[in-house]
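Quick note, the sequences are listed as chains R and Y, same order. Numbering-wise (numbering that gives the first Met the number 0), the first sequence opens with residue 0 and increments by one. Numbering-wise (numbering that gives the first Met the number 0), the second sequence opens with residue 0 and increments by one.
Hints are computed from structural coordinates only; laboratory data are not their basis. It is possible that some hints are incorrect.
Which copy is meant is left open, so a pair is good if it fits within one copy or across any two.
[What the hints assert, rightly or not] Simulated crosslink set (DMTMM-like; lysine to aspartate or glutamate; CA at most 25 angstroms straight-line):
| id | residue 1 | residue 2 |
| --- | --- | --- |
| 1 | Lys253 | Asp319 |
| 2 | Lys544 | Glu352 |
| 3 | Lys316 | Glu573 |
| 4 | Lys253 | Asp268 |
| 5 | Lys53 | Glu171 |
| 6 | Lys53 | Glu257 |
Protein chains: 2
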Amino acid sequence: MTKNYRIDFQPLGRRGECATGESVQECSLKAGVGMTNICGGKGKCRSCRLRVLKGCVSEPTSSERDFFSAQELEAGWRLGCQVYPLADCSVYVPPESMTTPQRTQVEGLEIRVQPDPPVLCYKVDLVAPDLSDLTADADRLLQGLLQKHGVACRKVDEAVLRSLSMDLRDSEWQCHVGVRSDEVISLRSLPGPNLGLAIDLGTTKIAGYLVDLENGKRLSSKGMMNPQISFGEDVITRIGEALRSLEKAAEIQKTVVEALNRLTRELCDEAGCVPEQILEAEVGCNTAMHHLLLGLPVKQLITAPYVPAASFAIELKTRDLGLNIAPGAYIHMLPNVAGFVGGDHVAMLLASEAFDRKELVLALDIGTNTEVSLINEGRIASVSCASGPAFEGYQIKYGMRAARGAIERVRINGNSVECATIDEAAPVGICGSGVLDAVAQMYLAGILDRGGRMIERHPRVRNVGGDRQFILCPDERPGEEGLVGITQKDIRQLQLAKAAIRAGIQVLLEASGRSGDEIEEVIIAGAFGTYIDVQSAVTAGMLPKLPLSRFRQVGNAAGMGAQMALISSAVRKEAENLALRIRYIELAGSPQFSKIFVRACYLGDYEEGKG
Amino acid sequence: MTKNYRIDFQPLGRRGECATGESVQECSLKAGVGMTNICGGKGKCRSCRLRVLKGCVSEPTSSERDFFSAQELEAGWRLGCQVYPLADCSVYVPPESMTTPQRTQVEGLEIRVQPDPPVLCYKVDLVAPDLSDLTADADRLLQGLLQKHGVACRKVDEAVLRSLSMDLRDSEWQCHVGVRSDEVISLRSLPGPNLGLAIDLGTTKIAGYLVDLENGKRLSSKGMMNPQISFGEDVITRIGEALRSLEKAAEIQKTVVEALNRLTRELCDEAGCVPEQILEAEVGCNTAMHHLLLGLPVKQLITAPYVPAASFAIELKTRDLGLNIAPGAYIHMLPNVAGFVGGDHVAMLLASEAFDRKELVLALDIGTNTEVSLINEGRIASVSCASGPAFEGYQIKYGMRAARGAIERVRINGNSVECATIDEAAPVGICGSGVLDAVAQMYLAGILDRGGRMIERHPRVRNVGGDRQFILCPDERPGEEGLVGITQKDIRQLQLAKAAIRAGIQVLLEASGRSGDEIEEVIIAGAFGTYIDVQSAVTAGMLPKLPLSRFRQVGNAAGMGAQMALISSAVRKEAENLALRIRYIELAGSPQFSKIFVRACYLGDYEEGKG
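Could you build all of it, start to finish, from the sequences and the hints given here?
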């Protein structure tokens, strides 16, 4: 008897069906997950390494026992072609085992800030000590800095001190000194760019930027998935995992630190330099990612009234986190606003310049969690909306991340349905912007009513296993349900997600005594926000009904803000002031919220729904 | 055939002869080394643990194999009653295996400084967060400090941050906060003394003091041997060991850190508190001990022109050194002056108040290395004298540390020789002050000539094995050479040691254009300096010939200076200024030094020797 198991491929977010006797590798091919498969599934090339996160699978084969250590097998590491599911499973496919690169957002606004970096470099020529001048090595260096450059330092980083005597002698007393505030944090014999690392650390994706601190020039940029996703797709699940034990929390922290180290090496490889040249790191992220990275307590983050352990900007030595850049370098964490509004939102407000606008401006960073700020005559109020992972392709039957083969655009003209996929590849699933498009188009075509109910009069609507479904790409084979579709359940998921955002906006408007049509500009940041069709977002009722010219999609503004803060102490100061200025409104504390949320679930304009 | 091996007992400094078939434990008893021996040498009580540092010994017995791990055996750990020497050996007897406590110097001048501690404590009552006030926990704490006490902090120590959310909730938002500069370094729910730890870290001995930071009251004090002695008796040997490999250097560092942790626990036990209550540590030590503790490079310390890696006052988190006090606490290292004049000398100058005297003042800290400063109308010049370990009882035939049974005073009246021992115990050896006394008395009695040659006309002078010897305590058995004596070689060792000091003083005097009889006061610090008979030191020509009323023995002034710097930021500042003010004279660079040294070797007044 054959049985079908459901396999959940992480971090891609794609799900597949696996029949008895089918390997995970075979299943991945059918599901459109591009796993490498050099030896043709013989367990020889070992290119299809993966980690079983959940679910029962076959025992390791001798090939796997040869390849993996007992510890690795214990941790769930297997070869995709050698492992057979015996139940529904969840597997993590590391980037090196995948052929399909993920589309992550690293581009965005351009840096428009005068460099004023926290670390400055100076060339110092010293005279070697002799009997007439017995000044200690480090003191000699500090004197040189003061005499030649007028720079008064009082401290030398311990790691720098530990190699300073040898370094100075090796370089014949000529060196390039990195100074941060009143501390010497690096010493090297050769000149070279003074590099900084900016990180936009998202729940799902990480974007990294290597920047020249002196001129603000970006030398390389790169995106990757956040491998912490193996501990939970959303922050609440991840925090729950961290609370299970100190070891678990340490493991979650180590996972992201290792990812950042990998990303840093890749950024350096691309720019032709080494991580030890990086003298400063800047991180913008949501409060949960912030706390999990720093090892701060998280229990109070998920317990009412949901407060951060710390909001002010934190600086510490990167080595204390295990981040491998220059040994004396610091990491600066942008300040948080509240338990669910973090430094990434502050960075986004900075980069988009939304924060000092005089008109009524709405700024959103759409993701698994969506932060929304309303800037009203210089006053800023923010909310955090639990939009959930539907926009990332989760909890959608054919959902997947924005990768090759994902449907990202849908147009319905009568009976004709047109779908565009990423890289124009054969469709293998649908990503967030595709779902939003589909829902808007189905609503416009009358296939969905205002309540989101699918009406059966369109030929593409079918009943499959008790669930109504709209077929986007029909399977050519007769009798099949269709390769990719949107189910009634998917529509409900999207309604909840968009309602969370729309309700958040509404609470902000009502708290400010303003109405949606007064908004002069809507700034949309984030990867998802970059790729959505704004008209569809308005049609679906996720965003207020306004002329399209009032919307501005700014890409990864959080990443840009992190880069600005990396190269400018003035921007850091501004970020701290900004974080203090923002008035956070806890939606759970808003008495009108439930009523507003229910109304926001309707498709179409929120204002119409009021009538 | 029986054969005798020579056994060197560390850190006591006593040497014994061990016949074939005799255990190290048996030898220790004969040599007057008080090793515990509860089971009577059956290898059962395991109280006679020791470590073989050098020399060939018998294989471990089954009893030892049961007791020690393979790693411990590898490191030389053995039971004294089970190990039989097969060659000359050197063994380290840890404090817990000894019955005879060491006399170490912890007392000295009284603290006469207004407390102005680097860490201040504040009581803060906070209001728990609710929906109307969602301020983050750490930010709330900082606001509380500012509002209630006007204290503006910008940082919270990472370790404090990691437990802060839980600590605040557990204490119901009432807490006692330790603030250092602009950083919160501790948080606790209960009030209690704010403790500080001051350490005088010597090459041979360590003195520790537990002090109440708020009122300067000393709660406990304790001395111990520096276990680094197993890596070499003097700093040069120890640095040589550290240069062998990074692992060795790390081992040397770990050895002293573990000793400091042990000392800290004992200090706390005595005062009825725990190390986690200690909020600040202050260390004064010579430059080599400073570098070995901090893991700084030492090669340049023993390579001309002998400069420190760093001289300025260094502060770092104690946790980064492995020192277990409050997790957020700092350790402050007093500034060094030169490669062989360290923060302990600065501390001594501060505590003795020698540094701001207007008269001509000489200040010495006598030890394995002797630092001497001449204060001349407010100007300070210093030298470092390689006095060697003779004053500690090393390189003296019957030499031992200042412990029970050591001869510390000698008086010769014609044919009568009187010896006083520590604790009035039966004599087992002679310590530094005893050797100095014996030499002075022998010189006065005409048994030694000015050149230090022993004249054979005294009945106590005998020739033993080619070396002339003066018997201090004759053995009652006929034909024996005497239980304790002074050999011609010992006299030479003492002459070299005292000449080093006298020559150093002379170089200082000549560099200042002053003569010895102009000195208004001679301040003598250090354990050895406390116990010497000043008249003997003058007679032997170690110190200038001056009225005895001009000498002041101040005990462990370095330890006192460390305590002053611990409780007062003003004293720290003064220490930094002082270290910069001192003009260090490298004796190796003084053209007259060899000539002066040769002349200083003569017994009697240096000035007479000039004629």
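Tested hints:
Proximity of Lys253 and Asp319 under a CA criterion of 25 angstroms is satisfied in both settings, with 12 angstroms inside one chain copy and 20 angstroms between copies. Taking CA atoms no more than 25 angstroms apart as the test, Lys544 paired with Glu352 passes inside one copy only; the shortest distance there is 23 angstroms, against 80 angstroms between copies. Taking identical chains as interchangeable, the C-alpha atoms of Lys316 and Glu573 lie at most 25 angstroms apart only when both belong to the same chain, with a minimum of 22 angstroms there against 30 angstroms between chains. Taking identical chains as interchangeable, the C-alpha atoms of Lys253 and Asp268 lie at most 25 angstroms apart only when both belong to the same chain, with a minimum of 22 angstroms there against 37 angstroms between chains.
For the homomeric pair Lys53 and Glu171, neither the shortest alpha-carbon distance inside one copy (58 angstroms) nor that between copies (40 angstroms) is at most 25 angstroms. In the homo-oligomer, the alpha carbons of Lys53 and Glu257 lie at most 25 angstroms apart inside one protomer (22 angstroms), although the nearest pairing across protomers, at 45 angstroms, exceeds that limit.
The structure is inconsistent with hint 5 alone, although it conforms to all the rest.
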